[in-house]
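A.B. asks: Chains C and B supply the protein sequences, listed in that same order. Quick note, this note's numbering runs 179 ahead of the 1-based positions in the first sequence. Quick note, this note's numbering runs 1094 ahead of the 1-based positions in the second sequence.
You may find that some hints are simply not true.
Said to hold, decoys possible - Covered, in the sense of this in silico footprint (three residues per stretch, anywhere, with C-beta under 8 Å from a C-beta of chain B), are these stretches of chain C:
no.	stretch
1	208 to 216
2	229 to 240
3	257 to 268
4	301 to 313
5	317 to 331
6	335 to 345
7	351 to 362
Calculated directly from the structure, the hints in this document are not laboratory data. Cβ atoms here follow ideal geometry from the backbone N, Cα and C, with glycine treated the same way.
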Amino acid sequence: MSDLMQATRRSVLDGYHGGSAVARLTPAAPASRISLRAPAASLDALSGALGVTIPVKPKTSAAANGRHVLWIGPDEWLVIDENGADLVAEAAKSGVLHSAADVSHRNTAIIVSGRKVEEAINGSCSQDLSLAVFPVGACSRTLLGKAEVVLYRTAEDTFRVEVWRSFATFAFGLLDEAAKDAAL
Amino acid sequence: MSGANRISGWGRLTPAKTARFTFDGKSYTALEGDTVASALLANGVHLLGRSFKYHRPRGILSAGPEEPNALLDVSRDSARRQPNVRATVQEVFDGMVTASQNRWPSLAFDIGSVNDLMSPFFAAGFYYKTFMWPKKAWEKVYEPFIRKAAGLGEAPKEEDPDHYSNRFAHCDVLVVGAGVAGLSAALAAAKSGAKVFLVDEQPEVGGALHYDTGVKINGKDGFSWAQDVASELRAMANVTVLTRTTAFGYYNHNMLALCERVTDHKAKPGKEEPRERLWQVRAKRVILATGQIERHMVFENNDRPGVMLASAGRTFLNHFGVAVGSKVGVYTAHDSAYEAAFDLKRAGVSVAAIVDSREKPGDAVLAQARSMGIEVMTGHAVLTVGGKLRVNSMTVGRHAGGATRKISVDALLVSAGWTPSVHLFSQSRGKLRWDAETQRFLPGTYAQDALSVGACNGTDDLQATIEEALAAGELMAKATGAETAAKIEISGQAPFAWTGGMIGAAEGAGPDTTVKAFIDFQHDVCAKDIRLAVREGMQSIEHIKRFTTNGMASDQGKLSNMHGLAIAAEMLGKDIPQVGLTTFRQPYTPVTFGTIINHSRGELFDPARKTAIHPWAEAKGAEFEDVGNWKRAWYFPKAGEDMHAAVARECKTVRDVAGVFDASTLGKIEVVGPDAAKFLNLLYTNAWDTLKPGKCRYGIMTREDGFIYDDGVVGRMAEDRFHVTTTTGGAPRVLQHMEDYLQTEFPDLKVWLTSTTEQWAVIAVQGPKAREIIAPLVEGIDISNEAFPHMSVAEGKICGVPTRLFRMSFTGELGFEINVPADYGRAVWEAVWARAEPMGACPYGTETMHVLRAEKGYIIVGQDTDGTVTPDDASLGWAVSKKKPDFVGIRGLKRPDLVASGRKQLVGLLTKDPTVVLEEGAQVVADPNEPKPMTMLGHVTSSYWSSNLNRSIAMALIADGKNRNGKTLYVPMADRTIAVEVVTDMVFFDKEGGRLNV
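Here chain B stands alone, though its shape is the one from the complex:
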């Protein structure tokens, strides 16, 4: 049995196809196609959870995505667990485990429900007022308490084992919603030949036809017609039909984001199947056929399990074959709910009475009710309902007082009328207009190429909806260049034309401040809370919303916004449009993080850039560090070595013998053209026209403001060709900076820039034995000191492949940088290593590179400079040409504050105790005894242990540093104060530079 409340012969599910699932540990049988909500109702379960604030028992309010109440924890296994799943959307699959939330120790007996009794103390705005004082209590008491109490459901703790995918798509016409309107529009557009996307959030198309069984289209049952149209559309090559797909975001230029739920309904998802697929669709035209959402009535205890929307009652009956009760009351302000009573009665369910707040319901429904023998109480209200875990009675009274009558019911269907779903239209930045006659917001001014059709556009009549949708489909297809097809005839008949509707508090909400008549079920906001907000002085709906949190739950107030607005308007004595409507935001319904990030996880989260030599370093056991997206070998520890020992050894080895270093990540830009030197003259502070082909030079690049932007060695390969190198992290922005100036300031120059960073693998061989190591491998270049002195470059061959060989050094040692086409990098590296290893050389990483350059006082842009350092501040004034008439930064460098004395300047620091290594970033002061706040002179930018000098060395940016040579300064630390001596000469090792020129 799939539930005692399943009515044989009703609904569209197949009785033979069952699925087992559990709810709070108890096992139930569902039918294939059931939602968790319909399956639980079939089994007589109405109590599904506890509310957010008052822990009130809650049931199922709707049968769709607007559900604010029936939120469950749904899991497939321990890692695949999802909190706050709407039971009205989640389809049952065999083996699924569901659990109620926000209750302890059990759903029926929940300690937290004491909050309901304490509710006078938890009025709207309670948190804002209560936790203000004392300030200290916030961190230790209030915040932990609120964090524990706040939030619904429990986030999964295990890593999500599912995968998610993404698809970009383009189409002519995107139709959102596959009810009567959407299907008609899609059919018209598709038959015109346009490329059409039709999306619907439900498992099957049909929209309102799921419940509205009285509707006939082209003589057929409406729902069957809808399935036939969907089949027809699916068979067309120019149409994509996506079900279980929510269009959750409408962005600029008709970009819509869709979430397709691929496996959440399957008992055994395929291994390759993504759980969800994000579609990012760019549509030339959009047709919104998003329908409307029924509103609940606002009266006392309207949140009791068993109270639900009339359309939900019809859906459960007509689609799922489930009776929501055995004695059902109806409380309405709209004709549509009458049809729920008719359907129930036809299915053999007892209808207690229809309570209609209007004096004059629609004649047709009234006549039908009477002919079916259903009692109708017009001009009446349900003042309250009885029952706690499930409704058991309704107390009905006539307007303007008089006797009340208590009628026993086990379910109460309510309807205050319908709210057009204008969410996506609003997201598209369209402007809504207030239709005073029908009391609803409707699409007004469009901001994008879209049209709304059917119920979401305020079109109520079935045939009018069809005509409107067909015309829109044809018009939109035509606008994208499609040819017009033969006219499509669709004729629909609905049994009743609906009238009525109300917004705001009904009589049962009472005028006072104690009655709990809920408008926002998910955030436990009552009519009285809105009134309180107005009394507290809130006038704008934006303030009222934030004060009460109305509409701020994950359902975004799909049911509550209009009620809240109407109550506020009434209190303020204003018209609804004057009070205003809050803006609808993406997403329409909650979207998983998995869908949003889709492929971007694990190795695909971010590119991990690796050099050609990376696998060799990895095999050698190197530790790596991230530099931008690059993985760089950091150091090469031998067995038993820690980082300190490895780096100390590498530093010694390079200076004593030689070291081999992978410098491939350095940025490289090929600058080619007859004006290449002229261009570089403008971009760098140095002069380049004086550099001869075959030579290279260290260059500094400043920004317009005169501060150092980047540095690097530039080699002149030919009169019209330079090989520029940049810092690893600076490569993309330096190229952009150069391209920017070339295109905007110097467009007349005949020169072009090409990124060649990845063309070359770069092997730096540094140390006294560097020449001996590479000499036998090199062909066609005389690498003797005489023929190929420091700062030379030449083209030739190494290991039989072309090379650009640089004689340069970032270590202060005799050095070469071998550039070879990247695919040869690994082989050439191995050949170099085969010669280097027997000589006692070592491979070294970036840490050793940093220490060696610091021993020589070479700066690292971005570490020793921070965007406020001029070349002179860094003692690189020699690199600024005094003769050039212009370069980027020349005027900046003349600014008074850049030439003023006392600027922070880069100097060396030597600790008085040579064994103490300063911390990078540590602040430097002149007087360690000065009371706090102390006067900071600057900070340590680089600091290392130098195994070659057998002491610590450091660089620091110090105010007026150049005038403090030999002075003692102090570095206050948490546990001690370190005395340091300023040395303006930052070259700590081989001051004469003799080792470079051997």
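So here's chain C without its partners, still in its complex pose:
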């Protein structure tokens, strides 16, 4: 039966595109993700198991080989693997105390890119996104209008906006309006 049956994957943002010349919006490719929770004592082993040094400074991230570890809280990280690795299994190899919950499908992501990327996000997010305050690599769990998102600056002109799937079209709509406004 399994030969005949292979469920196809459908992202909530399939077919979406938008924004403006100064802030383009693109749905991110599928990725695997875990919400990682762990005490400080486990971080060395977990860093080794995941192959990325887990950041402990607020609003910072670390990345290697398409894998990104975003500081979310004092004992909480969002780990994103662009290559779709089984992160729960990899974290388990650490053998130390932690919690890894698979949230690969809970989140989706919108890539916002362009020279007015800050203005596009600032249409509905109140954080200071200037490079001095929110440099490349910075990340933050915050609000985009009424939606909770994780902002992650991947380049001077690019942000990855992680959002729960049922809020994704709402977040996309807000970003789209602000991106068009930023182009005026």
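Since the structure of chain C is already known, use the hints to place chain B on it.
C.D. replies: Same frame as chain C, now just chain B:
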């Protein structure tokens, strides 16, 4: 021609650039850059509207945002119509349509003006006194009458087709106001390297330099200097200059709200352009350079069209090139108005006389007036003016009586002096101080990181203003970490140093109670009304304000507050600061709702959460219901079916064959860690350490007080991993509740919580054929009844993708809940449906889910419970562990009132007539003949028609319900009384539960 009163060679507008607009149906030509006010004045139109209460003819009083009088209806098309637009702010665009308000049948002949004659009956406080009795008349007579009469302008009825935007921003120094002070401060801050925002409400920077043409700065004409500085600032990368932008709100932590008017002045706005843009700016430091507002003189008939502020007369002349009259009088208590006379005279306009209430005006202006041949009458007052639709004379008399003289004029410029604009400072919760010498309130103690500079800070001298502003700009920039730049030299010269000013009623207001000498033009409040309020016993300015409505119109008393205060103080025999000042509130000027909500409209008003399976249900024609922010499939009507028929069919089909249900919205929390079971033991009433991996259990969660908070099935995936489900609506608060206890009460536990609601799409397959439907799709799990009995959970694959498969039921039937990663939800659902459909199964929605669970007596938290129901009240006492030493709610449940008899308890109700379906929420009584008020025993919580039982069923919370088994109670309705029988066993269908375990 852009108007007969346009003086060639005067003003800053370009004669070649014209725009056409209409006012009350008549077409006029304006120049680009005109306000509606300047364009109408250029065309000799002074009568713009009728007043709010007395319907008195009204004209233009000011040339700025403080305008209380010249309020028009302005439209671009039928949907883009805005009432109460200040003609002095609204710029003309080609094709705009304007109309006067509050008049019928016409502006010049208005029936409502009978109110002016009836005014003795409409004294202040009239409404409070008159409409008190009889009480019944309020609803039918008084309120409709007042509602019809009240309010100015007519709200648009069509949906607003414009869009609005929002922008959050951060800066080091925010400068409000771009006059001399603001520009100087912004320049100093910007040159220090700070990130600067400079905002001004006018189309161009310059502030008072719009009219004050005598001022030279750095040797240049002041207005030109201002434009040059603005250009310099705009060219700097660290500066944002926003014009047509009003800083209307000053909130905590230096958060200021700005409204940028993007298209209201444009004939053809771009399609993508928002009408207005809200800026929410967080500034490290704020510099307020908001200037000052001129006050009018208070005397009889001072509201006649043609009477206007002296600074307005100068603005219309010097900026717009418009003479406000051909023979202009000046009535003042301040030197500044003299300059209006000088400017008019230079432009060739006849100046009738300057009437000065002071015996000793400033020497310099007096000398200049004399040298220009302008008659000055010192120690005189304008007692009244003649003319109705436009002023045609002023009657002048000397103080302390004597002969009066009537002088013909067609405009009268007035000035009682200047009020510093401390609105934003006051909004920031700064404390004002009274400066007795200059008789004005000035910024005193700051509550936030801000500084006031220039006129709003009481600094009158031009050079002193510049120095103060430069120092503030540098200081504030430095405070944010900016480096100090080279010193900026700005030198300004003003032709005259101004003196004078008065507050309160002038002589022409009279001492009596009949003279209409207006202080609040928009609310028709006169000096006599303030006096009446004091005589009626009001002592606090807060009471006087509310009794008279002084300062309560949309202009918030920018012109009237100080006059009202001074008159009250005089009547009370107190000093002004003792009487007090009312608090300034946001917004500084009216802000459209569009700007406030900006992006939050239509689909962006609120997130509409949809499951992965939603598009399938939509394509199948499902009706949806809102559950929190979720859209849930409610029922799936077939052609010709109403809701009742569809639900009856779905209910039958599930029990006869099977049904497929989208349960994705159920809240899910992954509880992971070695202490996971221990933690759940503390959060739920049940025991969890006894639950083996691979099994699941229904759990009840109570609050500290012992009442049911949430419920759901919890599966143990591994020793240290639980898959918790919550109600759809409860998901966020349950996670917060758990996190709260974990962090504050049980921080030593090694366990973590993660919301996984959206990770999983959940497909419930329920009914006798459920196993047959899913069996071929499942890999790696033996789903036979023996290997996988009711309340089991296992991980495996379905349709080639990972699943957490639950054997559970909310219908009382054999059931499975297939959890798959959400992106696969749609595909797996379709695969399940492909098998279910040929067997005769159906998709079902939440309504059928509700009926099926009620047939089994399963409760819905929030529908059958209301926050005052204990597990025992709901007959769920079995789910409360008797062995556990502790859990949240254990002490609450022992409270005497929670264990007392007679509590409201959840029971079943069966109507004596099985065809009658009770109304949810209906009250239940024991004696239907008891006189009202009857003794309510409780209410119906759930009620449905059960097609499987072929009768109605209901659940109800009834006082002492468990002891009323078999008793007859009654449900009184409007048209009949329904007899019901209490059944304490709420399981209406398959009491033995055999269908679950096949």
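A.B. asks: Now tell me, hint by hint, if it's right for this structure.
C.D. replies: Okay, the hints, checked on the actual structure:
1. 208 to 216: With 3 residues close enough to chain B, the hint holds.
2. 229 to 240: violated (count 0)
3. 257 to 268: violated (count 0)
4. 301 to 313: holds (count 9)
5. 317 to 331: With 3 residues close enough to chain B, the hint holds.
6. 335 to 345: holds (count 3)
7. 351 to 362: holds (count 7)
Hint violations for this structure: numbers 2 and 3, all remaining hints satisfied.
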